[in-house]
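Participant: I would like the entire structure built from these sequences, with the hints used as guidance.
Those protein sequence lines, which keep their order, are chains A and B.
The first sequence begins at 69 in this note's numbering and counts up by one.
The second sequence begins at -14 in this note's numbering and counts up by one.
Since the hints were derived computationally from the structure, they do not count as laboratory data.
Where hints are given, some of them may not hold.
Cross-link-like lysine-lysine pairs, in silico, DSSO-like; alpha carbons within 30 Å at most [stated by the list, open to error]:
#1 Lys209(B) with Lys280(A)
#2 Lys535(A) with Lys362(A)
#3 Lys425(A) with Lys209(B)
#4 Lys84(A) with Lys206(B)
#5 Lys535(A) with Lys240(A)
#6 Lys425(A) with Lys439(A)
#7 Lys240(A) with Lys199(A)
#8 Lys439(A) with Lys206(B)
#9 Lys380(A) with Lys535(A)
#10 Lys199(A) with Lys249(A)
#11 Lys280(A) with Lys362(A)
#12 Lys209(B) with Lys439(A)
#13 Lys372(A) with Lys199(A)
#14 Lys119(B) with Lys36(B)
#15 Lys362(A) with Lys36(B)
#16 Lys295(A) with Lys280(A)
#17 Lys209(B) with Lys372(A)
#18 Lys323(A) with Lys362(A)
#19 Lys362(A) with Lys206(B)
#20 Lys252(A) with Lys240(A)
#21 Lys535(A) with Lys295(A)
#22 Lys84(A) with Lys280(A)
#23 Lys295(A) with Lys252(A)
#24 Lys380(A) with Lys362(A)
#25 Lys206(B) with Lys425(A)
#26 Lys362(A) with Lys503(A)
#27 Lys535(A) with Lys323(A)
#28 Lys206(B) with Lys295(A)
#29 Lys119(B) with Lys209(B)
#30 Lys209(B) with Lys380(A)
#31 Lys372(A) with Lys119(B)
#32 Lys323(A) with Lys372(A)
#33 Lys380(A) with Lys425(A)
#34 Lys209(B) with Lys84(A)
Predicted, not measured: the structure shown is a model, and the values here were computed from it.
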Amino acid sequence: MRVELNEIRKYFGPVKANDGITITFEEGNIYGLLGENGAGKSTLMKILSGFQPFDSGELLLNGSDATFTSPREALAAGIGMLYQEPLDLPPFTILDNYLLGRDNKVIPDRQAAIQELIELTQRYNFDVDIKAHIDSLSVGERQQLELVRLLAGGAEVLILDEPTTGISAEQKDLLFASMRKLAKEENKTLILVSHKLSEVQELCDHAFVLRKGQMVGETDVPCPNEKLVEMMFGQLPERSPRPSVSLEDTMLSIKEMAIRTYRLSVEGLQLDVRSGEVIGLAGLEGSGQGLFLKACAGLLRPAKGSIQLADKDITNHSYHATLAEGVGYLAAGRLEEGLVAGLTLTEHMILGALERKFMIDWESSREETSKRIEHYQVIGTEASTADQLSGGNQQRLLFSLLNTPLRLILMEQPTRGLDVRSADYIWEQLYERRKDGTAIIFISPDLDEILDRSDRIAVFYGGQMLKVVEASETNVDELGHLIGGEL
Amino acid sequence: MSRSSWLERIWPLVPVVAALLFVVFLLLGFGAEPGTALSAIIDGAFGSTDKVLSVTAFWIPLLLASIGLMVTFTAGLWNIGIEGQLAMGAIGASAVALNVNAPPYILIPLEILAAMAAGALWAAIGGVLKTRGKVHEIFSGLALTNLAIILTNYLISGPWQPPEGGSFRGTAPFQDAALFPRLLESRFSPLTLILTLIALAVVAVMLSNTFWGLKLKALGKNPKSAFLLGVSSERETIYAMMFCGALAGLGGAVRVLSWFDSLRQSISGGIGFLALLVVMLAAYRLLWVPFIAFFFSAVLNGSITLQLRTQLHSSLGGILTGVLVLFVLLFGEYKKLGFRREPPETPAEVSHE
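Facilitator: Right, here's the structure in full:
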């Protein structure tokens, strides 16, 4: 089926998630949809699969107008989406789960469903025991099942959102083989949403790149990785130079650390950070850098290994105990993780302060808050609530909540949502802290930011710290290769 | 003034009027005279000193439970189990009243302490189940309330039954020294009013001016961010539950030592659930709580006279308060009504500007 998206727009308040995107997907092809976090690819695919409506634009299936109000309608029209988290109901058996999506009769026809399931799983070489309970399956097996359900529902267009996150290498090969078969032999349209360049290169015929809600480029693949990286991240204006600071003793020492979660295991982490040093963590999302940062903050307990801060072992410290050792942590989500909607800036300041008295001294807290507001150029008053601030100001507020002095600052996407000038100002403030010996570790999807701001860069790929490079001895091209897993 | 802001200002009255209209229609449907019914309720609540004192005596434990709920609501906890915490407080006070012989100035403080401790510990179970066992406080609250009621019934019909043989309705009346000093042969004890006003002041200061109050507020609005800002959600959840449980327990003591003179079946009398309605109506505004609670108490007590005078069942008062809460929750906030829908929240993943 040929899918045409014309001038699709979707705004969330002031945020332009999709700002006039025009794309055509032809049948029999596998497409890659690339873009960094927040580029608008998930929004676009949710629109296409009937999960949310668009504000304006046009959606054509084989040339005729279509609008969906639910994923069910979209599937009836032939569009199925495989979500990052498969949407099944864990306590069910596979058969029940399958029937739930398919059969509308009062008494379901189990025999026919079993036949259908067996036939479909065999056609794509999927190996699933249909009598098993869903919660006994791995993510990869659930995915295969969901794929079968969509195909049985009549999907001609299949959207796969980050399908390789959390599945094994064999399952990935099987998935890719079935995707090729679907496109080339059964003439279906496949769309792979991903930010893993290597997968897009391996599997797709053509790639579209989104940035800030717009289509910024397309190319046949395979093509050189740099071409995709440049389209994804773009070129940013020059930044203020980073003052050099003489690096002192080791502030943070990670030895033989392993972190294991249900999605991803990160093994063999080894890193020494000196006081005053800035370490950038590069990698495609879900490569392990986020887990590493959380483990350093005490939010995840490492499965093995040790974390030493200055001369103290903090491996088994809780998050709050880690904070008390002089560590600051900034999460990526502002109003989800970090700020409390409905609380004023003053209240945030009081909560974040290390010194805690029984009674609140509102007078001096307000004074301190207005000082910090001024220093960090937050546009708002000490009586504004966090949710009244714009995204960039929320980010500045988070920075103003960091206490002084700190030994270590851990940040996820520190300048997310800030324009270049504000980002620059935030980094100047952070450089100031290096003089006190504060070490900084940060994650950013923006390779230029990582290159410009770091002393050293630790590159993560597929649950490994692949390489640690000196920022002065590398460039965007090399980093682009590294985060794609090419050494 | 524009039309919409004028509407916005008088809007809080709309659900009240709607609830009254609903009840009027209900009365007409039963062939009753709404005017007579209304005057019977008013007369029943305020017709004599006795009646006013009775309304006040009922108001005290309701207010105590409501004040306690303000704390758990602020922390984002649905403390449905407050009914059971009230019953446990009544049991705690009764245990002292039945087993300790001492002059009133020792006995009464002991009873109060026992009641508050019993309520707090019962609430703490819910808190621990939530933080350690991931059991939602609504479910543990319902279960614990049932257990508290069963325990009351067991005590009445078993170990604490009156010497002349149990009637299954209550224990024998407590010794005089154990009872709160009451005013004019009524069920109202000025001592309990003083204690309640102290509790109100403490909670007012606690919520607005202490670090703990701020932590609860953050926890209630966004537990994840509160945690990242350094609030220990586990500890504060349990403490908030215990604080509320202690006040509810004190309310339970008022029930056995001033409203009644013994431990009775269904001693909590639905006051805990009623307090939930009070706090929902007040919507986080502590200063409204005493007035709403008093209104509830007046309507419910007035309904007893209504039944005597008009053959209408006294549950009409319960219907009025229940409908009122439903209407307020349904369209109490002008801004949240369907015809002025707010734009959907920005999802987390789209974040660029």
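Participant: Look at each hint and say if it fits the structure.
Facilitator: Hints, one by one, checked against the model:
Distance hint between Lys209(B) and Lys280(A) is fulfilled; the C-alpha atoms sit about 28 Å from each other, no more than 30 Å. For the given pair, Lys535(A) sits about 20 Å from Lys362(A) by alpha-carbon distance, which is consistent with the 30 Å threshold. For the proposed pair Lys425(A) and Lys209(B), the alpha carbon gap of about 23 Å is at most 30 Å, so the pair holds. A C-alpha spacing of about 27 Å is found between Lys84(A) and Lys206(B), which places the hinted pair at or below 30 Å, so the restraint holds.
Taking the CA atoms of Lys535(A) and Lys240(A), the gap is about 24 Å. The hint holds against a cut of 30 Å. Using a Cα cut-off of 30 Å, the hinted pair Lys425(A) and Lys439(A) holds, with the two alpha carbons roughly 20 Å apart. A threshold of 30 Å between alpha carbons decides the hint, and for Lys240(A) with Lys199(A) the separation of about 23 Å falls inside it, so the pair holds. A hinted pair counts as satisfied when its Cα atoms are at most 30 Å apart, and Lys439(A) with Lys206(B) qualifies at roughly 26 Å.
The hinted pair formed by Lys380(A) and Lys535(A) meets the criterion: a straight-line CA distance of about 26 Å does not exceed 30 Å. Taken as a hint, the Lys199(A) and Lys249(A) pair is honoured in the structure, with Cα atoms around 26 Å apart against an allowance of 30 Å. With a CA separation close to 27 Å, the supplied pair Lys280(A) and Lys362(A) stays within the 30 Å bound. Annotation: proposed proximity of Lys209(B) to Lys439(A) holds, straight-line Cα distance about 27 Å (limit 30 Å).
In summary, the hint linking Lys372(A) to Lys199(A) is not supported, as the alpha carbons are separated by about 37 Å, beyond the 30 Å threshold. In summary, the hint linking Lys119(B) to Lys36(B) is not supported, as the alpha carbons are separated by about 46 Å, beyond the 30 Å threshold. The suggested pairing of Lys362(A) with Lys36(B) is violated, with an alpha-carbon distance near 63 Å, which exceeds 30 Å. Between the alpha carbons of Lys295(A) and Lys280(A) the distance comes to roughly 18 Å, so the proposed pair stays at or under 30 Å and holds.
Under the criterion of a C-alpha separation no larger than 30 Å, the hint pairing Lys209(B) with Lys372(A) is consistent with the structure, at around 26 Å. Taking the CA atoms of Lys323(A) and Lys362(A), the gap is about 16 Å. The hint holds against a cut of 30 Å. For the proposed pair Lys362(A) and Lys206(B), the alpha carbon gap of about 23 Å is at most 30 Å, so the pair holds. Pair hint Lys252(A) plus Lys240(A) holds up; C-alpha atoms about 18 Å apart against a cutoff of 30 Å.
Note on Lys535(A) and Lys295(A): the hinted pairing holds, with a Cα-Cα distance of about 22 Å set against a maximum of 30 Å. Annotation: proposed proximity of Lys84(A) to Lys280(A) holds, straight-line Cα distance about 8 Å (limit 30 Å). Proximity of Lys295(A) to Lys252(A) is assessed by CA-CA distance (about 26 Å); at most 30 Å being required, the pair is judged to hold. Distance restraint check for Lys380(A) and Lys362(A): the Cα-Cα separation of roughly 18 Å lies within the 30 Å cut-off, and the hinted pair is therefore satisfied.
Taking the CA atoms of Lys206(B) and Lys425(A), the gap is near 22 Å; set against the 30 Å cutoff, the hint holds. Distance hint between Lys362(A) and Lys503(A) is fulfilled; the C-alpha atoms sit about 25 Å from each other, no more than 30 Å. Under the criterion of a C-alpha separation no larger than 30 Å, the hint pairing Lys535(A) with Lys323(A) is consistent with the structure, at around 15 Å. Under the criterion of a C-alpha separation no larger than 30 Å, the hint pairing Lys206(B) with Lys295(A) is inconsistent with the structure, at around 45 Å.
With a CA separation close to 15 Å, the supplied pair Lys119(B) and Lys209(B) stays within the 30 Å bound. Only pairs whose Cα atoms come within 30 Å are accepted, and Lys209(B) paired with Lys380(A) is accepted, the gap being roughly 27 Å. Under the criterion of a C-alpha separation no larger than 30 Å, the hint pairing Lys372(A) with Lys119(B) is consistent with the structure, at around 27 Å. A threshold of 30 Å between alpha carbons decides the hint, and for Lys323(A) with Lys372(A) the separation of about 9 Å falls inside it, so the pair holds.
At most 30 Å may separate the alpha-carbon atoms for a hinted pair to count; Lys380(A) and Lys425(A) meet this at roughly 27 Å. Simply put, Lys209(B) and Lys84(A) have alpha-carbon atoms about 27 Å apart, close enough for the 30 Å limit, and the pair holds.
In this structure, the earlier hints numbered 13, 14, 15, 28 are contradicted, and the remaining ones agree with it.
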